[in-house]
Amino acid sequence: MQTFTINIRPRRQTTIPRKLLEELNVGVGDDFEAYIKNNTLVFKPKKQIAMDAFKELQKAIQESGISEKEMQKNLRKIRQEKYENSKSIH
Amino acid sequence: MKTPKVFIDSNVWFSAFYGSANCEKITEAHTENKIKAVISQKVLQEIVKNFTQKMPNALDPFIKTVSVIPSKIIRDPTKIPQHVKSLAHPKDQNILASAILAKVNCFVTDNTKHFKTNEIKKKTGIKIVTPKQAVKILNL
Chain A
0 MQTFTINIRP RRQTTIPRKL LEELNVGVGD DFEAYIKNNT LVFKPKKQIA
50 MDAFKELQKA IQESGISEKE MQKNLRKIRQ EKYENSKSIH
Chain B
0 MKTPKVFIDS NVWFSAFYGS ANCEKITEAH TENKIKAVIS QKVLQEIVKN
50 FTQKMPNALD PFIKTVSVIP SKIIRDPTKI PQHVKSLAHP KDQNILASAI
100 LAKVNCFVTD NTKHFKTNEI KKKTGIKIVT PKQAVKILNL
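Residue numbers (numbering that gives the first Met the number 0), protein chains in the order written: chain A, 0 to 89; chain B, 0 to 139.
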């Protein structure tokens with residue numbers, strides 16, 4: 000594992016080595032979540048967190064055993080009901 | 000170049016959750032800041048209600064997913080403007096009105112047949128497209 004020394008300049012600015020960013024597949028404009036764990040500063044790319052959460056969601060869906068067809072059918076029913084309710088209000 | 004704003008209908012979100020390749024490309028593009036995903040309060044409520052009714056275990060991972068890189072959530076219009084009423088099926092007019100308010104570039108849905116696509120493009124500039132068409136026109 001290659002390590003880098005990162006210096007903190009005035010106003011707490013710093014430069015993250017290109018190689019680290021390339022390995023994480025992130026670049027200018029991307030956001031990180033930063034936190035301290037065991038006296039270590041951890042930077043985690045937000046898009047990685049989002050993708051992990053998305054995979055977790057897909058796993059929960061798969062484990063439920065409910066088909067997409069059934070979910071889409073219920074979705075159409077929900078929209079129809081909302082429309083019927085709004086019609087009765089107006 | 001400005002990041003395109005894309006309204007994503009609830010049916011497209013569910014297709015992405017179930018692994019449809021084109022729909023996943025669209026949600027991934029949002030995660031990677033290639034597009035800015037827009038939804039309305041109504042779309043969010045539909046998704047939450049669908050999970051609550053059919054799959055409550057998936058609600059927490061869904062909330063986690065949308066909270067990390069949030070979509071822009073547009074308020075539901077209090078009244079459907081008259082000019083919108085002729086452009087979409089009555090039950091879809093509300094979300095079309097939200098998309099127009101949000102000034103999106105395109106609107107992705109599995110139900111393009113519920114919308115007068117040519118007229119909407121002409122009057123509002125919004126392209127109503129299927130996920131497959133969205134992937135093509137947005138170069139995803």
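Incorrect hints may have been included.
One-sided and incomplete, this derived list gives chain A residues near chain B with beta-carbon spacing under 10 Å [to be verified]: (1) Glu22; (2) Lys36; (3) Lys45; (4) Lys46; (5) Tyr82.
Below are the BS3-like pairs computed for lysine-lysine, each with C-alpha atoms no more than 30 Å apart in a straight line [as the list claims (entries may be wrong)]: (6) A/Lys45 / B/Lys115; (7) B/Lys4 / B/Lys48; (8) B/Lys35 / A/Lys43; (9) B/Lys35 / B/Lys48; (10) B/Lys4 / A/Lys54.
For the record, the hints were derived by calculation from the structure and aren't laboratory data.
For glycine and all other residues, C-beta sits at the position ideal for the given N, C-alpha and C.
Hints, one by one, checked against the model:
{"no.": "1", "hint": "Glu22", "verdict": "violated (17 Å)"}
{"no.": "2", "hint": "Lys36", "verdict": "violated (18 Å)"}
{"no.": "3", "hint": "Lys45", "verdict": "holds (6 Å)"}
{"no.": "4", "hint": "Lys46", "verdict": "holds (5 Å)"}
{"no.": "5", "hint": "Tyr82", "verdict": "holds (4 Å)"}
{"no.": "6", "hint": "A/Lys45 / B/Lys115", "verdict": "violated (37 Å)"}
{"no.": "7", "hint": "B/Lys4 / B/Lys48", "verdict": "holds (25 Å)"}
{"no.": "8", "hint": "B/Lys35 / A/Lys43", "verdict": "holds (21 Å)"}
{"no.": "9", "hint": "B/Lys35 / B/Lys48", "verdict": "holds (24 Å)"}
{"no.": "10", "hint": "B/Lys4 / A/Lys54", "verdict": "holds (24 Å)"}
Going through the hint list in order, the structure does not satisfy hints 1, 2 and 6.
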